[in-house]
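Colleague: Each chain, letter by letter, is given below.
There are 2 protein chains.
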Amino acid sequence: MFNQAPPVERLVEAFRRLPGIGKRTAERLALHLLSAPAEEARALSAAVREARDRITTCGVCCNLTDVDPCAICADERRDHSTLCVVERPAGALAIEKGGTYRGLYHVLHGALSPMEGVGPSELRIDRLLRRIEEGSIREVIVATNATSEGEATALYLSREIGARGVAVTRIAHGVPMGGGLEFADDATLAHALQGRTRL
Amino acid sequence: MFNQAPPVERLVEAFRRLPGIGKRTAERLALHLLSAPAEEARALSAAVREARDRITTCGVCCNLTDVDPCAICADERRDHSTLCVVERPAGALAIEKGGTYRGLYHVLHGALSPMEGVGPSELRIDRLLRRIEEGSIREVIVATNATSEGEATALYLSREIGARGVAVTRIAHGVPMGGGLEFADDATLAHALQGRTRL
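Order-wise, the sequence lines are chains A and B. Going by numbering that gives the first Met the number 0, the first sequence opens with residue 0, and the numbers climb by one from there. Going by numbering that gives the first Met the number 0, the second sequence opens with residue 0, and the numbers climb by one from there.
Quick caveat, the hints were computed from the structure, so don't treat them as lab data. Treat the hints loosely; a few may be bogus.
What the hints assert, rightly or not - Quick look at which bits of chain B chain A covers, simulated, 3 or more residues with Cβ under 8 Å:
no. : segment
1   : 5-11
2   : 106-120
Unchecked claim - Computed footprint of chain B on chain A, listed as stretches where at least three residues anywhere in the stretch have a Cβ under 8 Å from a Cβ of chain B:
no. : segment
3   : 23-33
4   : 56-66
5   : 82-95
We treat Cβ as the ideally placed atom computed from N, Cα and C, and that holds for glycine.
Kindly produce the complete structure, drawing on both the sequences and the hints.
Modeller: The structure is reproduced here in structure tokens:
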């Protein structure tokens, strides 16, 4: 079997470690970078290093940020009485892009998963409860994923937060907007029926 | 509209410049690297920089390599009387992975395209013709792409190489192995009929 030059092999392997990137895609990306202007490869190398060096987690909401507290937590025009709890920074980003949510976030960096040894102390749940105990939060919207881990996390949070006298809500699950019923899976349809609202 | 921290934005932009990577995928890759162990980001950054710094083109065949001449050109067990001409390093890699070709390569780094101002002098054609004039090549297999640019390049090469008294062949085009006729496009089917061989 043909082996490429070791630096190319290492580049292919580094790309393959990224989620959703298989061997063929990794090879395509590597060969592109080697044929493209050197500036493009330098920019990618520097961007990866710089992002990893400069980005930390916000001391308040645990989202990714380059300033502490993050731009969202520091924004006085936002509603500081509402928190949206997400598993990952990607979830907060998705909701921000929606453009309708004006409250703050709390990023757990995972979900409860006893099978994988992830308990409450492995997540940023203690910090969430401390934020709530400070007294200015009126509603916590739990937007963990619609997986068994996400649901278990939502149940755990609803008990802990409810015990502190703060309202806990869960984002709605159902048929996506614009999606035909025939494209929705059984679990989604069951959820959509169960969560029906009066017209 | 929400803006992410500048280092994250720059990382997303660097990923987006790669072929086949859209905005959502670029965001997913960036957020993954920021959540994954720091070692993974460092390895990617270093691999990109190292590959770009250490990989050059072979002085003989113009393929990408970290030693000159490249491992293929330097391999005495290969057939040094046969050249396979490809547009890009990816083409040579694809044929190498096939595992049946034992000759050498010549990488043009493009194809003739008068519309985009790519003439023979923009490609590594002069070097190819010099290799042929050295006298040890007996057959040149033209494996440029089955596009109008690749076909024009094949035609040009067949004239130039033929004038030097060396056999020029073109790889076969037709229905892919394992592919049903119903999945092949019209041009491929026409080619497959035209290039039929006696059973």
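Colleague: Are the hints correct? Go through all of them and say.
Modeller: Hints, verified against the model:
{"no.": "1", "hint": "5-11", "in the structure": "holds (count 5)"}
{"no.": "2", "hint": "106-120", "in the structure": "violated (count 1)"}
{"no.": "3", "hint": "23-33", "in the structure": "holds (count 9)"}
{"no.": "4", "hint": "56-66", "in the structure": "holds (count 4)"}
{"no.": "5", "hint": "82-95", "in the structure": "holds (count 5)"}
In the structure shown, a violation is registered for the earlier hint numbered 2 alone.
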